[in-house]
Amino acid sequence: MFDVPPRRLLACAAAVVSAVALTACSAGSLGSSEEGGKTAISLLVDNAEATVKTAEQVVKDFTAKNPDITVKVETRPQGTEGDNIVKTRLSTGDMSDVFFYNSGSLFQALKPEQNLVSLDDQSYAGQLDENFKTTVSAGGKLYGSPFGTFMGGAVLYNRKVYERLGLQVPKTWSEFMANNAKIKADGKVAPVIQTYQETWTSQLFILGDFHNISAADPGWADKYTKNQAKYATTPAALEGFQHLQDVHDAGYLNKDFASAKYEDGQRMLALGEGAHYPMLTAAIANIAINNADKVNDIGLFALPGDDAASNGLTVWAPAGAYIPTSTSGAKLDAAKKLLAFIASPDGCTSQAKATPPTGPFAVEGCDLPADVPQSIKDMQPYIDKPGGSSLALEFLSPVKGPSLEQICVEVGSGIRKAPDGAALYDRDVEKQAQQLGLPGW
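When the letters of the sequence shown are read in order and numbered with mature numbering (1 follows the signal peptide of the UniProt record, and there is no 0), they come out as residues -26 to -1, 1 to 415.
None of these hints come from the bench; they were simulated from the model.
It should be emphasised that the depicted structure is a prediction, and the values quoted were computed from it without experimental measurement.
Be aware that one or more of the hints could be misleading.
To be verified - Keeping only pairs whose Cα atoms sit at most 20 Å apart, straight-line, the calculated DMTMM-like set for lysine to aspartate or glutamate is:
1. 134 <-> 104
2. 359 <-> 384
3. 327 <-> 307
4. 229 <-> 160
5. 162 <-> 87
6. 197 <-> 400
7. 145 <-> 280
8. 197 <-> 402
9. 39 <-> 384
10. 61 <-> 35
11. 34 <-> 384
12. 268 <-> 237
13. 311 <-> 137
14. 359 <-> 281
15. 34 <-> 23
16. 107 <-> 338
17. 39 <-> 320
18. 229 <-> 384
19. 115 <-> 160
20. 268 <-> 281
21. 158 <-> 68
22. 235 <-> 384
23. 204 <-> 191
24. 107 <-> 87
25. 351 <-> 191
26. 145 <-> 345
27. 46 <-> 68
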């Protein structure tokens, strides 16, 4: 859905914490499939430091278990340049034997039924999280193995503040606002942290609220894509904008919300200067570096809606590992083995060894390391509970608008009312939807 804003949101978060932010790529395939009696394959990844580090660790552990296979890690640019390279190389049949790329709407743009090898016959297919499978499937067939972990869009909160004031984790918006009122009355910390100097951080009350929209109307994403549903005219969708307005109007924000930056928000939360920070779980990696002794003072809960019974977490799915149809013969067999390893407990362990997880894995049997921060552990029950999590809208719809973050800042700063902000964003997405040639626009 919000392919551009959330993609930018994820990219910004990932750039700061070196989280895995996959896009598209360049480089060349190996010429021969045999090197010294071994099957040689190539793996294309983006050039983000964390991506390369994780890929190299996975390859090291995979080839230790499969000494008859060698894997050459190749890199390509991130962003739009990389997207175009991936599409070009797929269309010309010149793609590496395996490549990592986004899941969701960007995956769909690769024409997977034409360009990728189906993985439905692989033994691990039944062990993959259903939310993830949705993001790497087309025409009823599975095409990707998960690389990385889920990321949550939620409320990060200071557990020490909660303990001191005897607060309980809220499951409804009214309970959340009641907690904020108690925190404000205490007078020691800001109830809600916002960091509008970096405008992308303003979007979580909207983007992280999609589980509540989906719970109210499971078919909303499809209607939205077909121009049959709007933010301004769907009560459950309008609530995210209203929540932005509510926390501002109630005086619950940190005094410097207009000038504070992302790193300020993390510091305030870690040091207990603010109680709540609506944010992606990628922020935890930064806090673990800069305030290591405080990282387990931070917990996580899903952005609450109106119904406690349907309370759940909005998640960003891992990227995918894919095999192009140009891979064949012994290389194809080796490539399938690599994807099977990635989607195994050993593969998950290998990834966690290289970079700290930002959320649960998408593979059954893959447990988080015991030393993972408390806030990341707090995500697991939502993932494990049937109906306890929903994909972010960008994984379900290509409809996007470039101005969401600016609109959120206006609503969250008291400059624009929530209904007006929602209506403005509805207009903002129209041009992009028309450019995509979507029916109904």
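Check: Are residue 359 and residue 384 close enough, with their CA atoms no more than 20 Å apart?
Finding: 36 Å, violated
Next item on the list: Would you check the hint for residue 134 and residue 104, treating anything up to 20 Å between C-alpha atoms as holding?
Entry: Since the Cα atoms of residue 134 and residue 104 sit roughly 35 Å apart, the hinted pair is violated (cutoff 20 Å).
Next item on the list: Measure nothing beyond the straight line between the CA atoms of residue 145 and residue 280; if it is 20 Å or shorter, mark the hint as holding.
Entry: 8 Å, holds
Margin query: Need the status of pair residue 268, residue 281: alpha-carbon distance at most 20 Å?
Written below: Given that 20 Å is the threshold and the Cα spacing comes to 32 Å, the pair is violated.
Checklist line | 20 Å Cα cutoff - pair residue 39, residue 384 | finding: This hinted pair is violated, its Cα atoms lying about 54 Å apart.
Check: Is the straight-line distance between the alpha-carbon of residue 46 and that of residue 68 20 Å or less?
Finding: 16 Å, holds
Margin query: For a C-alpha distance cap of 20 Å, please report whether residue 235 and residue 384 respect it.
Written below: Between residue 235 and residue 384 the Cα gap is close to 16 Å, so the pair holds against 20 Å.
Next item on the list: Please work out if residue 204 and residue 191 have their alpha carbons no farther apart than 20 Å.
Entry: Status holds; Cα separation ~12 Å.
Notebook entry, point to check: Do the alpha carbons of residue 229 and residue 384 lie within 20 Å of each other, as the hint requires?
Noted result: With Cα atoms ~16 Å apart, residue 229 and residue 384 stay inside 20 Å; holds.
Check: Under the criterion that the straight-line Cα-Cα distance not exceed 20 Å, is the pair residue 145, residue 345 satisfied?
Finding: 27 Å, violated
Item checked: Hinted pair residue 229 and residue 160, Cα distance within 20 Å -> 16 Å, holds
Note to self: Checking one constraint from the list: CA of residue 107 to CA of residue 338, max 20 Å. Satisfied?
What the structure shows: 12 Å, holds
Hints 1, 2, 3, 5, 9, 10, 11, 13, 19, 20, 21, 25 and 26 from the earlier list are contradicted by this structure; the remaining hints agree with it.
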